[in-house]
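Residue numbers (this note's numbering), protein chains in the order written: chain A, 62 to 412; chain B, 4 to 259.
Don't take each hint at face value.
As the list claims (entries may be wrong) - 20 Å max Cα-Cα, derived SDA-like pairs, lysine to any residue: (1) B:151 - B:94; (2) B:151 - A:391; (3) B:30 - B:205; (4) B:74 - A:164; (5) A:145 - A:164; (6) B:236 - B:220; (7) B:130 - B:108; (8) B:129 - A:248; (9) B:57 - A:362; (10) B:130 - B:110; (11) B:74 - B:108; (12) B:74 - A:248; (13) A:145 - A:220; (14) B:130 - B:91; (15) A:384 - B:95; (16) B:129 - A:251; (17) A:384 - A:120; (18) B:129 - A:247; (19) B:57 - A:64; (20) B:236 - B:250; (21) A:86 - A:340; (22) A:384 - B:205; (23) B:130 - A:64; (24) B:129 - A:340.
Hints listed in this document are in silico derivations from the structure and should not be mistaken for laboratory results.
Values in this document were obtained by computation on a predicted structure and should not be read as measured data.
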Amino acid sequence: MHPRRDQILTSLGIIALFTFLYWAKGNATEYQIRLLNNCAIFITLAVSYNLINGVCGQFSLAPNAFVAIGAYTSALLTMSPAEKQITFIIEPLIWPLHTISVPFWVSLLAAGSVTGFLAFLMGFPVFRVRGDYLAIVTLGFGEVVRVVANNLQSITNGPLGLKGLTPYTNLWWSFGIMAFTLFFIWRLANSSFGRAMKAIREDEVAAEAMGIRSFRYKMMAFTLSGFFEGVAGGLLAHLITTISPVLFTFFLTFNLLIIIVVGGLGSTTGSVISSVLFVLGGEALRAVEEPFSIGSLEIPGIPGMRMVIFSLILIGVMIFARKGIMGREEFSWQGLIQLLQRVGRPKKEKR
Amino acid sequence: MTFFQAEHLTMHFDGLNAVDDFSLELKERNLVGLIGPNGAGKTTIFNMITGNLKPTQGKIFFQGKEITGLKPNTITRRGIARTFQNIRLFQDLEVIDNVMISYHGRLCSSFMGAVLRTPLYNHEEKKMREGAMALLNRVRLADMAHEKAGALAYGQQRRLEIARALATEPRLLLLDEPAAGMNPQETQGLMDFIVQVKEDFNLTVLLIEHDMRVVMGICQWIKVLDYGAEIAKGTPREIQNNPKVIAAYLGEEGIA
């Protein structure tokens, strides 16, 4: 409706975000910066996961595999040969990986490309089946990748994992990549290609009958989703600096699934909001895992309590608000302005 | 060269012969009806033509090329569009998006072009939107363009399905019970609409219908199917007086 105004507001929003980051870099505590990084990475992960699950409607359960592949690829590429020699104590790293060491950005690009390519290959068997079967096949792949990472000693260093990665991931990297991912997926989902993917989600038989090559677009969504999850995996690896197969269990997929479902399957905006709530909420709920007392009742610290609460939230959302926070709606400046006007003049609305 | 030809189509589902040795020839710009009692195999024939089912035996030719066993999307892009007996719209998408999806098969831009919003993509998107809007005008749904398709009334949904099929720019249009669930007035409107669309878009139409007024009213040629096999063909007048057809519809008693 107001393309000019919206462009200006979007630019202002981006400038505001990056000004905030610049400020945060100098003033925020290390802990707060860590949280901001986590937010950006989870947004990247959730938005790209939402492309295949929400936009294209293919219930994939493989993001943990993609994050793992991305994390290992980029970590193996940035570590210096000396570090690799120290880390791989049981079996040496295979040629030529043991001599390679590349800049961080190259490793991220490689992480995305390798993951995207593996997702593409995985797509051939995966998209032979639909619905529940697809979920099971992708779940299987996720598990296979984890088990391979656990046992491929000469590449992944097995259960010991990779330690002492250089913490390259900073606010600029994580938010820069988040912004690029958002831009890319938002534009794609709101193009003719996104419409084709949504058509497949709504009714694959009808989409085919309207000339949509459903296999091609499912592959496209899966591969692109894999690419961005791989890049985010690389970011994650260089944020936490230690990776091992236990990081990439089904739990990671489950968390991402909670995020996109609570946000509203198919809504990029919802994925963003929900990721932030998940990361910050997870921190706020840390208290429930500590010992605390209600009145005279002493409750010991129970590790894992947070997951119980998250699961309860998911169940609540499924029962009371199946569409999640945003449903399938997206953010628009017009919508925000109207919302603010409504909040600003509550009495007029009531008439 | 025959415009459309199906030869000896046979479809077995395990033990059941859904369609048995069915042949059909369509001349360009014909309006042909396919009728028969429930379970006669009419929709199965549609599904074979559109690639949703692969015939057990038989061959299908369209504009001189064999299309047997091709994927549905390929057949659609070759110029055969369809509607569904049980309406299959993209319920949660806007009405205009439902129609625009049908143009996607002809898009020239790549997905990178779409992400970067290149001039070519913007031009194509604009053309798709205009084309869809024109079609919606044609089916009197233009003012509903931004409603969710699932929110439309039944008759409107039927019209939207036809608009969506037309957007694929077909040469042959297959309509599967377009008048199902419509009242007599709506049915009359639909008949006029089908004839008009056929003329305007230079189409060949193959129609499955239970409503005899529709079939007898607008079809130039009719085929009657019972238990998967053809039992009669001819003009509406010939069909109306064919004892085999009457028997199939009313039972053997009907003849006596």
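Those earlier numbered hints the structure runs against, lowest number first: 4, 9, 12, 14, 19, 22, 24
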